[in-house]
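Student: Produce the complete structure using the sequences and hints provided.
Just so you know, the sequences run in chain order A and B.
Here the first sequence is numbered in our numbering, starting from 1 and rising by one per residue.
Here the second sequence is numbered in our numbering, starting from 481 and rising by one per residue.
Hints are computed from structural coordinates only; laboratory data are not their basis.
Only a predicted model underlies this, so the values are computations on that prediction, with no experimental measurement involved.
One or more hints might be untrue.
As the list claims (entries may be wrong) - Partial chain A-side listing against chain B, Cβ under 7 Å, derived:
1) Thr32
2) Ala104
3) Ala111
4) Asp115
5) Ile175
6) Ala179
7) Ile255
8) Ser263
9) Tyr301
10) Gly303
Unchecked claim - Label-pair ranges, simulated between beta-carbon atoms:
11) B/Leu538 <-> A/Leu8: 40 to 46 Å
12) B/Leu492 <-> A/Ser84: 22 to 28 Å
13) A/Met315 <-> B/Phe495: 51 to 57 Å
Cβ atoms here follow ideal geometry from the backbone N, Cα and C, with glycine treated the same way.
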Amino acid sequence: MAGILGGLTQSVLQLTYLVAGVFFIQGLRDMTHPRTATRGNMISSAGMFLAVVITILWFEMLSPLVVGAGMLVGGGIGAWLAVSVETTEMPQLVGLFNGFGGGASAVVAGAELVDVLASGGSLTLGLTATASIAGIIGAVTFWGSLVAGGKLHGVVGDSPVSDTVGHAIKVFFFIGSVAAGLFLVVQPDMFGSVPLASFLPSYWVLVATASILGVFLVLPIGGADMPVVIALLNSYSGLAAATTGFVLNNTVLIIAGTLVGASGLILTVIMCESMNRSLTNVLFGGLGSGDDNVEDMEDIYEGNITETSPEEVEMLLETAGRVVIVPGYGMAVGQAQHAVAELAELLEEDGVDVEFGIHPVAGRMPGHMNALLAEADVSYEKMRELEDVNPMFSQTDVVIVTGANDVVNPSANEDTDSPIAGMPVLDVAEAQTVIVNKRSLSPGFSDIPNPLFARDNTSMLFGDAKESMQSLVNEYKESR
Amino acid sequence: MTFVENLTIFVLAAFVGYEIITKIPTNLHTPLMSGANAISGITLLGSVVVAGSGSTQLATVLGFVAVVMATINVVGGYLVSHFMLDQFSKGGR
Chain A
1 MAGILGGLTQ SVLQLTYLVA GVFFIQGLRD MTHPRTATRG NMISSAGMFL AVVITILWFE
61 MLSPLVVGAG MLVGGGIGAW LAVSVETTEM PQLVGLFNGF GGGASAVVAG AELVDVLASG
121 GSLTLGLTAT ASIAGIIGAV TFWGSLVAGG KLHGVVGDSP VSDTVGHAIK VFFFIGSVAA
181 GLFLVVQPDM FGSVPLASFL PSYWVLVATA SILGVFLVLP IGGADMPVVI ALLNSYSGLA
241 AATTGFVLNN TVLIIAGTLV GASGLILTVI MCESMNRSLT NVLFGGLGSG DDNVEDMEDI
301 YEGNITETSP EEVEMLLETA GRVVIVPGYG MAVGQAQHAV AELAELLEED GVDVEFGIHP
361 VAGRMPGHMN ALLAEADVSY EKMRELEDVN PMFSQTDVVI VTGANDVVNP SANEDTDSPI
421 AGMPVLDVAE AQTVIVNKRS LSPGFSDIPN PLFARDNTSM LFGDAKESMQ SLVNEYKESR
Chain B
481 MTFVENLTIF VLAAFVGYEI ITKIPTNLHT PLMSGANAIS GITLLGSVVV AGSGSTQLAT
541 VLGFVAVVMA TINVVGGYLV SHFMLDQFSK GGR
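Tutor: Below, the structure is given as structure tokens:
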């Protein structure tokens with residue numbers, strides 16, 4: 001092992017890795033405030049740059065062209081994706097990137113096994129065990145992310161098999177991949193006389209079974225549960241890197257991978273708590289089908305729905321002192337964030353107090369609404385979290401709900417039998433008037449009716465989020 | 481480096497991660513996720529060593545594939561995060 005700097009002691013490499021690790025930690029620390037977050041991201045990327053450069057210089061590069069070409073191709077694809085993708089397609093892009101990280105970890109762990117065998121080394125317990133774990137997590141992350149990304153992009157539909165069959169498939173392939181891993185782990189002792197190389201295929205069997213497992217884990221999970229899935233896959237991609245660090249005995253891989261693993265896991269927990277559901281329930285349960293809800297819906301809505309128009313809403317806004325806008329996935333789909341931001345800006349110019357009430361699981365990934373509104377130049381100080389905005393609804397004149405449904409459903413608080421009972425929701429009904437902008441009365445993801453729509457102080461503004469918000473902006477401009 | 485030493489680093493890093501990440505506001509969860517995502521591309525280091533060692537043809541091919549995937553993750557993740565944070569700082573004016 002002698003690269004350009006290979007003459008130096010191992011300490012140089014290790015110390016540089018330590019510096020890179022510190023950069024990652026400081027980078028994340030800077031992420032705790034919007035003012036320093038951009039700097040944090042740069043510090044983190046500098047750490048990455050440093051770690052990659054020292055690795056290339058320290059280790060022997062017999063095939064530098066392969067490395068260079070790989071980085072060029074990967075860098076090109078990554079940059080192109082980052083530049084060309086619309087903010088509205090961000091969830092699937094983040095999902096996709098997660099997958100590539102996990103996939104790389106699985107492949108590296110396998111390549112390390114090949115490498116060790118080729119150089120006449122022996123497969124120790126530590127090596128085969130950690131490689132097996134890295135392989136399983138990495139492959140599940142890669143395929144799970146591809147499926148999640150495909151679902152978010154609308155190119156992958158629902159699971160073609162029933163829940164029972166799906167569970168059976170998951171169990172089967174989980175056991176299969178663990179068995180392949182165990183086989184790899186125990187073979188150096190049990191089959192001492194057999195050439196080691198003949199056991200290598202079991203690693204690829206492990207990767208193949210874990211891949212199928214990854215597909216079927218994510219396939220049955222619905223769109224509104226995607227924030228949990230994306231956060232969990234984020235965590236997995238970190239854990240895969242950390243385990244690969246164990247395989248390669250590389251400290252910075254362990255540090256960086258673990259930080260990401262922790263980050264993803266915390267986001268996962270936050271998302272689950274925001275839906276008052278357990279992780280197991282999100283991953284394996286799913287919400288029940290709402291066959292018997294259709295009658296309920298007619299009962300609740302019949303004769304109680306008030307329809308309004310942009311003109312009427314505009315008149316309401318003229319006299320309002322405080323307005324809260326509650327965005328949901330419908331705003332993302334309709335790309336209505338710019339119209340919504342413009343409306344907020346106009347109102348503010350006229351001295352109206354405007355805030356955004358953002359539910360943690362609104363949208364398809366953690367912080368989805370915040371990212372969209374930031375794109376439309378909304379100040380982050382205007383984006384309020386559920387706990388901050390809920391006590392303020394009673395002092396609010398007008399709430400505009402656009403493209404959100406389940407996160408403003410009062411059944412969560414009032415109906416203990418409801419599938420979403422106990423889920424923290426935005427108590428918009430406390431406000432004087434609620435305007436709900438929605439394409440129709442169709443139920444949201446949880447497939448249950450929303451009694452909010454039938455309240456006396458609620459009016460429905462039917463239509464696409466972007467069109468409705470834009471006509472509201474136009475009305476407001478005209479009347480000024 | 482023994483397994484236990486590696487485990488020590490792992491456990492300590494987990495605590496550091498927990499302490500920091502819980503302080504990050506909801507607003508920044510999306511850029512955090514794509515930034516953390518980029519960090520998980522750290523596996524690029526392993527990919528580079530494997531691809532560059534040229535020990536066997538198979539290891540080189542696997543290494544190349546891993547380098548491509550990890551670099552997409554690193555470059556894409558940091559860039560997406562950067563663009564997003566740019567919008568946040570504009571909004572925060």
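Student: A separate judgement is required for each hint: does it hold in the structure or not?
Tutor: Cross-check of the supplied hints:
1. Hint status for threonine 32 of chain A relative to chain B: holds, with the closest Cβ pair at about 5 Å, below 7 Å.
2. For alanine 104 of chain A, the shortest C-beta to C-beta distance to chain B is roughly 4 Å, which falls under 7 Å, so the interface hint holds.
3. For alanine 111 of chain A, the shortest C-beta to C-beta distance to chain B is roughly 4 Å, which falls under 7 Å, so the interface hint holds.
4. A hinted interface residue such as aspartate 115 of chain A counts as satisfied when its beta carbon comes closer than 7 Å to some beta carbon of chain B; here the least separation is about 5 Å, so the hint holds.
5. Interface restraint check for isoleucine 175 of chain A: the shortest CB-CB distance to chain B comes to about 26 Å, outside 7 Å, so the restraint is violated.
6. At a threshold of 7 Å, the smallest CB-CB gap from alanine 179 of chain A to chain B is about 23 Å, leaving the interface hint violated.
7. Given hint, isoleucine 255 of chain A at the interface with chain B, holds; its Cβ is 5 Å from that chain's nearest Cβ, closer than 7 Å.
8. A distance limit of 7 Å between C-beta atoms decides the matter here; for serine 263 of chain A the minimum to chain B is near 4 Å, and the interface restraint holds.
9. Contact between tyrosine 301 of chain A and chain B, as hinted, is not supported at the beta carbon level, the nearest pair being about 33 Å apart and thus beyond 7 Å.
10. With its C-beta approaching chain B no nearer than about 39 Å, glycine 303 of chain A sits outside the 7 Å limit, and its interface hint is violated.
11. Our hint of 40 to 46 Å for leucine 538 of chain B and leucine 8 of chain A is violated, since their Cβ atoms are close to 30 Å apart.
12. A beta carbon spacing of about 39 Å between leucine 492 of chain B and serine 84 of chain A contradicts the range 22 to 28 Å that was offered as a hint.
13. At roughly 56 Å, the beta-carbon separation of methionine 315 of chain A and phenylalanine 495 of chain B lies within the given 51 to 57 Å, and the hint holds.
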